[in-house]
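Protein chains in written order, with my numbering: chain A, 1 to 484; chain B, 485 to 592; chain C, 593 to 1239; chain D, 1240 to 1751; chain E, 1752 to 1932.
Simulated from the structure, these hints should not be mistaken for lab results.
Keep in mind that the hints are not guaranteed to be accurate.
[Stated by the list, open to error] Some chain E residues flagged as far from chain A (calculated, every beta-carbon gap over 10 Å): (1) Met-1776; (2) Phe-1804; (3) Ile-1810; (4) Val-1819.
[Unchecked claim] Computed beta-carbon distance windows for the label pairs: (5) A:Leu-51 to E:Leu-1898: 27 to 33 Å; (6) D:Pro-1679 to C:Gly-1171: 24 to 30 Å; (7) A:Asp-445 to D:Trp-1258: 23 to 29 Å; (8) A:Gln-324 to D:Tyr-1428: 15 to 21 Å; (9) D:Asn-1262 to C:Glu-663: 45 to 51 Å; (10) D:Pro-1679 to C:Glu-1166: 45 to 51 Å; (11) D:Glu-1602 to C:Gly-1171: 26 to 32 Å; (12) D:Pro-1679 to C:Lys-1039: 36 to 42 Å; (13) D:Tyr-1428 to A:Met-4: 42 to 48 Å; (14) D:Lys-1261 to C:Ala-597: 57 to 63 Å; (15) D:Val-1700 to C:Phe-1209: 54 to 60 Å; (16) C:Phe-1209 to E:Ile-1811: 45 to 51 Å.
[Stated by the list, open to error] Going by beta-carbon spacing under 8 Å, a handful of chain B positions derived as facing chain E: (17) Leu-516; (18) Val-522; (19) Phe-556; (20) Val-567.
Heads up, the beta-carbon is just placed ideally off N, CA and C, and yes, glycines get one too.
Single-letter residue listing:
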Amino acid sequence: MNTMLADILLVSPMIALFLFSLIPLSIKVLRGNVEQSPTSTIIISLIGLFLAAGLLIVFGGSGKTAFNGQLVFDGLTQWMGLIAVISAGGAMVLMYENPATRGLQFSELIFLAMNSIVGMLILVSAVDLITVFIGLELMSLSLYLMIAMSHEQKISKEAAIKYFVLGSFASAIFLYGVSFVFGSAGTVNILDLMENAAVLIKTNKVFMFGISFITLGFCFKVSIAPFHAWTPDVYQGAPTPVTSFMATAVKTVSFAAFLRVIATKPLIGSENLFLVLQWFAVITMTIGNVAALVQTNLKRTLAYSSISHSGYILVGVITAGISQNSAFGASSVVFYLLAYSLMTFGAFAIVSLIEKNEGSAIQTDDLAGFAKKQPLLAFCLTIFLLSLAGIPPLLGFFGKFYLFSAAVSEGLLWLALWGVLNSAIGVYYYLRPIVVMYMRDGDCDVSDEKHFGTTVAIVISALLIIVLGLASGPLFNMIENSLM
Amino acid sequence: MPETNMITTIGAEHYLVLSAILFSIGMAGVLLRRNLIVLLMSIELMLNAVNISFVTFSYYSGKVEGQIMVFFVMTIAAAEAAVGLALAVSIFKRFKEVNIRFFEHLKG
Amino acid sequence: MNQQALIAILLLSPLIGFFLNGVRFRSTNYVLAGSIATIAVLISFICSVLLFLNLVDLPPEARRITANFFEWIAVDKFKINAGFAVDQISSIMILIITGVGALIHLFSIGYMHHDKGVTKYFAYLNLFIFNMLILVLGDSLLTMFVGWEGVGLCSYLLIGFWFNDSAKAAAGMKAFITNRIGDAAFIIGMFILFMTFGTLNMHELNMLAPTIAESSWLGAVTLGTMMLFIGATGKSAQIPLYVWLPDAMAGPTPVSALIHAATMVTAGIYMIVRLNGLFIVAPNTMMVIAIVGAATAVMAATIGLTQFDIKKVLAYSTVSQLGYMFLAVGVGAFGAGMFHLMTHAFFKALMFLGSGSVIHAMHEEQDIRKMGGLRKYLPITHATFFLGWLAIIGMPPFAGFFSKDEILWKAFSSSQGHILLWAAGVLGAVLTAFYMTRLMALTFWGKSRVDKSVHPHESPWLMTVPLIVLAILSVVGGWVGIPHVISEQIGHIPNFWEHWLEPVIRKLPTVVEGAHHDETMLEWSLMGISVGLAAISALTAYIMYTKKEGASDKVAKAFGPVYQLVNKKYLVDEAYSAGIINPLIEGSKNLWYYVDVNVIDKATYKVTDLVRGGGSFVKSLQTGNMQQYAMYIGIGVVVALSFVLMR
Amino acid sequence: MLSALIFLPIVFAIVMAFWPQKNTVRHLALGFSLIEFVLSLGMLQKFDSSTAALQMVEQTAWIQRFGISYFLGIDGISVMLVMLTTFLVPIIILGSWNSIDKQVKGFHAALFVLQAAMLGSFLSMDAILFYVFWELSLVPMYFIVGIWGGSRRIYATLKFFIYTMSGSMLMLLAIIFMMRLTPEVTGGYISASLLDFYKLNIPFVAGEFLTPQTLLFFAFAVAFAIKVPVFPLHTWLPDAHVEAPTPGSVVLAGVMLKMGTYCFLRWVIPLFPEAAEHYAWIFIALGVIGIIYGALVAMVQPDVKKLVAYSSVSHMGYILIGLFVMNAYGVNGALYQMLNHGISTGALFLLIGMIYERTHSREISKYGGLAGVMPYFTIAFVIVTMSSIAVPLTNGFVGEFLILLGAYSYSPVVAAFAVTGVVLGAAYMLWMVKRVFFGPKGELVKEDHHPLLDLSVREVVVLVPLIIMIFWMGIFPNHFMDFSKASVDYLVKNKMDYSIPLSPNQAQAQEK
Amino acid sequence: MTADVFLFWFLALITVISGLAVVLMANPIYSALCLAMTMISVAAIFVTLQAYFLAGVQIIVYAGAVMVLFVMVLMLFDLKHELQAFTRGRATGALKIASVGILSGLIVGAVTIGLTIAGRSSDEVISAAAAGGVVDTTRGLSEALFLKNIFGFEALGVLLLVIAVGTVALSRSKGGTHARD
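Sequences are here, hints too, so could you generate the full structure?
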């Protein structure tokens, strides 16, 4: 019973989130199915998120396992969970103030979002592949519904169905892999796999098959080319707050789970798989960047940019996979995800602010004159974009720096080379919105809806990007120490 | 092993090959069929293939976890089917179509 | 007075004059401007005289006053002081510069009084004097180069003084750029010498110069001196860089007198004389110098035959005379070169000022075909011009005679000399006599062809006084260097000139061996030939242009195309612009268009197009069809698995 | 001290951004920039020019995990460039008094950030810190060109940014790679300190391209070469210059280009001496090509600003040669020429800006006879022109001469080619002067409806310091060169195993 | 033994054929029925592998619940025409079929190579404790489910709740089938 209690304490963030997710819904039910004020909904859910984050900080990170070794609460869990919770919280603030998500179904939407976060927390802590799968599905299924629930009528439905079909397809592939791993290794617990994974992958084709399938399944979730094709469509079609949710929190936790699998070191045993992943990383970076270059829709540009960032992060994941001490590579991934989440959140948040109604599609050229009307927000967007482009001393630069140093230290110089070349390409499309905002005349402005929360969130993330950029050393040390 | 054994002696590999074939059929369905509902059915096929694989491994390794997984997979497959069909209904209401060729507004 | 302070005052006085006039450059108070400028130069002149006297007091070997004001550039072994030295050579130069300069300043007050930019004009003149003094006093090649470029700058400013006329501004630009070509070579020459000897101090260079002559064309000294000589061809208007000087006549006439006749253009000769210790061990360079000098002397003289612009005639005459000087230094007659430099400064300044007086009188008319018979109206100008004429055509005992004779004799007799060089010299002298007489005849003598509306009048005293002084100098200037053969006859007047320069000039042995008597005879006979021929030539010209109307046209017709060619200055300018300048500009346009716009930028665009093309390709893959996407996933899985399994 | 020098402008920028009064912004900015200049004079006062040691060192750990520290220091190589930066900014602010009329606050804030970034890249002794400043300097410049620039400003600013960024990305990789090598010399820990980089002995194989030192050399060199810009990579410069507002051009030409050449001296040559020596010919050849090419192309430009921009290419060619001949003459000359170019080209751009304010055109063919209308302006322009074409007694001469001397002692052929720049330089500048100032009055000059006023008092105040510097530096170069001589001589003598010594008391401090 | 063998081949044949039919049938209703057939035969295969509980669940969940759902939705759509059952475009179609073919080939190859070739029996590769199956399946299953995998079980509960709320919300959302506005 004691162990049970300890286990429950460990999973308390998820429980707290789940319980808090029920509150607005229950209130709505008790009120006779009448939507209460969204403000109260968002406040309750944010309290829940804070509580979850607090519990995660208090109980997570001890390195303990729970529920027969199905979940582990170590540094990775804690960091990734926090990043996910915080960026998801930000996304929820956006939902609260975006015309496409705010409305009669707001408490349901928030319920789905919160449970999606529960799924995320499961995903970041799961070390059992089947639990991973459950977490993944809990997260994804909520997400499909959230996308489809947009007030926008056609595009978001299309995005949801695309995401759903392809996601299920990838899930099936992933599961098939799990079954092979189970068959060949007798267990699906990553911690148990650790010792003999490297041997198994050399000797057992079935295991290798399984691990490859699992890897590719993750590649889909984190939108690595050629499994990326859903990303631009879904990011564009989904309501912007949900896009922000996907691009930050979902990606973070998917990478967390990916990292856990990779940390079993199968790559050391299979140079080929490792090579394939490297090539995927290169293709992803390139595809993401070159395609973003020719986009006119701002959200789509950001979606492709998100793909290219996945490529960069994959470099870190590979590094973590092949190095003896995976903490360096892993912490560079965590750091990058932190940076990436902040800046991507910020960029989408501003897009969300500009959206006048649920159906509006923001083109890059629509930003003209934004700097005159909203100097502060324009400045923040500039910070986000420059950070995404990797201009020092912003957080994004240090993220890239740590990633590439990790890669170079493991001899993956060519990946780092591709990375920097791609960053140079990326500069172009990151600068273009800035050009339009500052250097063209126009009358772009935020929508008339209230936007206090979003603005605060934007400013906070911009400040964090600057401050954490300057203080990146201690932060990185913290991350690395917690991952040791 | 003698050739005859392949037919007369049923081992794990037989089941696994069956699972692989079923998986491939499902995959082909996802790739080729245009009807959204049939697409979803094909995904169910794939999941069933996975289930066969799990059970096979479970049986041949004597580990019960395999069956637990199948249990989970089934639940999730059902959930997926529910969500998928809900989405299908909602998209049908908008587009009056379930042919996926009509869902190509997002592209480029 | 302290000698260093004297040098400082000598240098600073014109500079201060420049500033005083420069800050109030819009003023039209010509008296004030002129007085400031003239006084500044006069102060310098006084300093020069004092320095000269100081120098005289010193024993011949120690006649060298140096002043190091500060260290200018000091990097590693390369140390250049703002150091100035007054020695036998430079003392003469500063006397000429400040003396003639002062006279020309004085003349300018009268000449420029109606000009709106008079104050600016005097500021420039003073700046020029300052730079010229730096040029001659600088004790290292680099300090000399400072002045060298500085006078070029002033020349540029003064030639383009009436900048509203595009042609005049272009002439200034042409002068500067042409000079720059020479300067570039000069810089290289400095490098060669510095790398060889480790110093640029001219005194030290002369000391360090090897004692054995270099026979190789590629020896350091030969190359270095050759480069310096190319520099000199720019500054001193020799083939092939002489083209700027005739154009430089666009400037005010006193400027032509000061800069383009008396002082600046002689800088090349001065430089070679200063470095005679070095040049003398580079016989190949010497030979080139002599040939170029002789060729220039003849060619410029022929062009001078056909010109009708009074200043152009004088300009070609200057080029020709400078050729003489180069011929002199080329055959090792450094003293003679310097001598001719000085006498030329006197009579050419005189003639330019005289022409200025004429132009002034003729209300800016420069075409000699529209003059004639001006003797009546401009008696003083005519008289002084006449003396100058005698001097330049080398009539004894005028200044030009002695110096020219010395050069011709050296060209014949020195070990570097050659009979052809001598012949060229004589030919030059004959031609000079001809065209100078032609100029005299057309301008002052014969019938007046002056336009009715123009009423020539004699210039004010401000202008005539300098003329008179210079005329006197043109007469007596040569007497300081009377050759031995003559002085022996007329009472052993010592050759002050040679005596003075002896310690700083290295001599070449004369070639003509044998008895002293034979040599004397030879010298006399050569002298006779040249003077006689010149006289005949002058007489011919006189007759042709005053007595026989139309004779000149007939002669011109007789020569036909040759005349046209010469009249058009051998089409050198045209050749330069067709062969060098236009191709350069057109080529540059193409360079810009093809390399920058079409190659580099296009390449950049190609890269971006490639990236964009990649983007479009990826975009085209993104069809929106989810089965397509599923197919990508399938292909990705297949490829990855194949690769993983096929290891 | 040095931190104050770097961060004061950032504080200024923040104050500027929030300054409530619109009409006093310029005064405030001018005051701030003067404070900064005075501060830098104080720094100069403390600077000990007799030693090659690193002075006024400030070092605090920043990112310990990678041995990255906040490490500032100044020595002879950087001191004068720092002074140039602080000297030019007040002049720029005063010079742009009227020409910047929109978003004045933003402009000055950007200018101060730019100043901080430039100073930072001159003073950083840590690779990453340096990189941060190096990249940071792009951003304000990007805005200055992009917001306050001419009609094709967006094209120009993007070109500028992407060119420079592409180069520096490779450099980042090279820095990371070098950091991985440092444990060899530091006793096991990674370091990004330049001083540790200097200690590295990276293997070099002559003739083989794919060896570490060669690759690192080129990674760094290309990044800096783009900034300089070296011949085939120069096309961003004319565009950026033409489109940039006057102050932007001045900063760009005056200081930013120097960042490239400075870094050659600070990074490339001492870090990869063998490679630098072995491949010096490439850069010297490119320098020579740059000189001639820049001059020829400048000659035929129809736009004054573009002409000056190409002249920058030509001048930077000299500097490049001076650096890569790697002897005392060349390097000293190059360092000096950096200052000269900063002052004279800066002044040229200011002058062009002044006339542009009056006529709104930079077409050479539309001018002519300006000298008669604006004599003071003409005087200033001609003086600066003389400095630009290196007439003796102006600053340009000293640098150019020393560079040519250095080039000659490296190879006479190089000097022979480079010296053509002397002629061509005079040709294009004087031809331009002739067409703009002399001759009959041009289309824009004779128009009566906007009488061309001569220089205002403000403009005179802007130009006089520059003109004073032109002559001061030309006549007393030692006053300036003495600051850098010790460091340069030390560098030239010890380039094969270079390491900046720390002055004794600082060495003690570091031991503690 | 022969009965087992025969049973396997028989079930395998049915599974494959009905599976193929799901994909190949032009009419979605037929596809759905074929899918039901597949489900049932898979359940039978589970039985041959002694997973009786799962076989039951399979029948109930899939054939019962899921299939009904599918058929119901199909009825709801009331599709009169199916213009094009399969994707058009030869190149992509061929590419798709090829990739599926290669993939199945790879899987089959890997499985057979991994399990039977190289002189190893499948038992060695499948880390087997005791081949021959689990004795007390349902008990073992429930222990594993409710003790060992309790977390996953609970999470699935949450998942189902979420699905329920979500689908209802979706149908009631703006533009949904049961929208209030």
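So, going through the hints one by one against the coordinates:
no.: 1; hint: Met-1776; verdict: holds, 19 Å
no.: 2; hint: Phe-1804; verdict: holds, 17 Å
no.: 3; hint: Ile-1810; verdict: holds, 21 Å
no.: 4; hint: Val-1819; verdict: holds, 19 Å
no.: 5; hint: A:Leu-51 to E:Leu-1898: 27 to 33 Å; verdict: holds, 29 Å
no.: 6; hint: D:Pro-1679 to C:Gly-1171: 24 to 30 Å; verdict: holds, 29 Å
no.: 7; hint: A:Asp-445 to D:Trp-1258: 23 to 29 Å; verdict: holds, 24 Å
no.: 8; hint: A:Gln-324 to D:Tyr-1428: 15 to 21 Å; verdict: holds, 18 Å
no.: 9; hint: D:Asn-1262 to C:Glu-663: 45 to 51 Å; verdict: holds, 50 Å
no.: 10; hint: D:Pro-1679 to C:Glu-1166: 45 to 51 Å; verdict: violated, 24 Å
no.: 11; hint: D:Glu-1602 to C:Gly-1171: 26 to 32 Å; verdict: holds, 30 Å
no.: 12; hint: D:Pro-1679 to C:Lys-1039: 36 to 42 Å; verdict: holds, 38 Å
no.: 13; hint: D:Tyr-1428 to A:Met-4: 42 to 48 Å; verdict: holds, 46 Å
no.: 14; hint: D:Lys-1261 to C:Ala-597: 57 to 63 Å; verdict: holds, 58 Å
no.: 15; hint: D:Val-1700 to C:Phe-1209: 54 to 60 Å; verdict: holds, 58 Å
no.: 16; hint: C:Phe-1209 to E:Ile-1811: 45 to 51 Å; verdict: holds, 50 Å
no.: 17; hint: Leu-516; verdict: holds, 5 Å
no.: 18; hint: Val-522; verdict: holds, 5 Å
no.: 19; hint: Phe-556; verdict: holds, 6 Å
no.: 20; hint: Val-567; verdict: holds, 6 Å
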